[in-house]
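Knowing the structure of chain D, use the given hints to seat chain A on it.
If you're matching them up, the sequences are chains D and A in order.
No gaps in the numbering here: position 156 of the first sequence is 156 in this note's numbering, and each next residue is one more.
Numbers given in this note's numbering equal positions in the second sequence, counted from 1, plus 1000.
There may be inaccurate statements among the hints.
Below, in silico cross-link-like pairs of lysine to any residue (SDA-like), each with a Cα-Cα straight-line distance of 25 Å or less [unchecked claim]:
| no. | chain 1 | residue 1 | chain 2 | residue 2 |
| --- | --- | --- | --- | --- |
| 1 | D | K155 | D | T187 |
| 2 | D | K392 | A | A1014 |
| 3 | D | K43 | A | E1041 |
Derived by calculation from the structure, the hints in this document are not laboratory data.
Here are the chains, one letter per residue:
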Amino acid sequence: MTFLGMPARNLVGEPFPVAARAALGDAQLRRNLAKATGTIRAKRASVVAELPDWAQLRASGAAIKDAVLADLDTYLLRFEAALVERGTTVHWARDADEAARVVTGLVKATGTAEVIKVKSMATAEIGLNDALADAGVRAVETDLAELIVQLGDDKPSHILVPAIHKGRAEIRDLFRREMPGVDPDLTDDPRALAEAARRYLRHKFTTVDVAVSGANFAVADSGALVVVESEGNGRMCLTLPRTLVSVVGIEKLVPTWQDLEVFLQLLPRSSTGERMNPYTSVWTGPAEGQTSHVVLVDNGRTATLSDPAGRAALRCIRCSACLNSCPVYERTGGHAYGSVYPGPIGAVLSPQLTGVRHNQTLPFASSLCGVCYDVCPVAIDIPSMLVHLREKVVDVRAANAESAAMRAVAWAMSDSGRWSRLLRAGRLGRALGRRRDRIGRLPPPLSAWTDTRDLPRPPQQTFRDWWESR
Amino acid sequence: MSTARSEILARITAALGHRPPAPPVPRDYRRSGSLGPGDVERFADRLRDYRAVVHFTSAAGLADTIAEALRRRGARHVVAAPGVPTAWAPDAIRSGVDSAALEGTDAVITACHVAIAETGTIVLDHDAPDQGIRALTLLPDYHLVVVRRQQVVAGVPDAVTALAGVRTQTWISGPSATSDIELERVEGVHGPRTLEVVVTR
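So that you can see chain D by itself, here it is in the shape it has in the complex:
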């Protein structure tokens, strides 16, 4: 596929049906996913049910994000002014390449050969690790799941737990093979695996002097940044190195500090199914003598903002409740979506960030069952947005078999005699599917239908004939 304009290599992959077919054939993957998403769904449901005001928090979270989006430039300028006043240097980047270039430049200027990274979707989106590698800088992922993905030269398949597709035995084998200095008798007990990661990364935390982070929230009026995490790798990266570069999507803002009272309830319960995540770090300007940079990234967000029917995707706080609940995601896993943002939110966000022209299959990667909307803590109506994006895909597609067929049907249906004759002709199809009373496989282009489902064998008599003969 040739991309016009913005490169989007981390947001576009193979067409979803092609990638999904491969994933569906992987029984181990489906077992890992069913177990993991089943566990997290139950935990989420129980901690969400504990809060009597969940619905009110959700409505408020949605409205706060909408208020930010409705005046995004005002809030960005306020945030920038607060950062500058407290001594943080602010950079802006129009697209992924520019963002990666800015961060790489800042890192190179420190003279370091290595950076430690807090798990960040924004840095995955801009392809930062590759850009740094091209510049001769090694990026060390410090989140356990990101580390698993990095050591395995793999791709993330989930927003929160990028290695959700790996089982414990696979992780043990990977650590034994790829982790420097690991115990050769390492077991597959999750405790032992976490301990191995602790030992490996401890040295990095205390010796590498530059860190790159994202941010879960950015507070416009004070310039505070917030990182929500579990393992303490975030605290290590934010605290110990002398230089900190934070890559922040322009939609991450909340207007005031007080607004976090909503999001710090919505996020942990939706995300890991905990009442609160183990660690949340807040810093306002450079802390404790550090040098601090913030890179504000657009990369398709302003294009998303320009569509009133798709804009709400920018409310997303990256909790991944929609992934964990989605029957499609549970079966295909994240890789099939071909984007760093998989699952239902990925199916509406990725095509908008790249432009639907470059991402035509993702809006169809859903059964529109609606569970993603129900669990979304900021009430993004993903099903309606998918339908809206499908319309846009149809608009950009050149005339194809489907639209030709639709035009033919419209012609046939516009005349009742013509339509009756056509329906009777349909009985010819009875020659097929005699054995099971179902048609399992048709030649192209009709195979587009029968590849994924059976076709009922046409009845002996059309409804119209039956109606007239009664």
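The following block gives chain A in isolation, referenced to the frame of chain D:
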């Protein structure tokens, strides 16, 4: 760079078009002050859920409770935030500890700024002398934190209100943990693997 800034701002202006005002934000969730004082028993239950160790003591019994906890832990090299009252831990080192020294520390003792009953959360203000810089409570493997009863608030909104203007914060809810392997929770990764909380009645 400034080109990027002006272009992004121009894109936003164009994207928003005639810019209808955003609807007002509904705030009918349980707000700050609506839940009364924090329930310390609930706070302790929540912390135990995270596998933190919790003790209750009186103000007078605090020093003994801390000493007993450190003895059980077998902690010899103990550091306290510089503003921690001497009476809490007379033998703890209070200054001149760098990152390398913290790595070899058996235990760290701090106070806190506020604690949340509903979520079992303790929040540190790193500009407060009795809570110390961030590395202090990060590198040692054992963190003992003293929570005064009146610091326990009911819910997250109460804590956010109490933290207005606090520049550098760490919210702590149990020891460090990961759910990255098959989404099964394991306590103890990079941060302190043991969190011990002493609540004064």
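Hints versus structure:
no. : hint              : result
1   : D:K155 to D:T187  : 24 Å, holds
2   : D:K392 to A:A1014 : 20 Å, holds
3   : D:K43 to A:E1041  : 23 Å, holds
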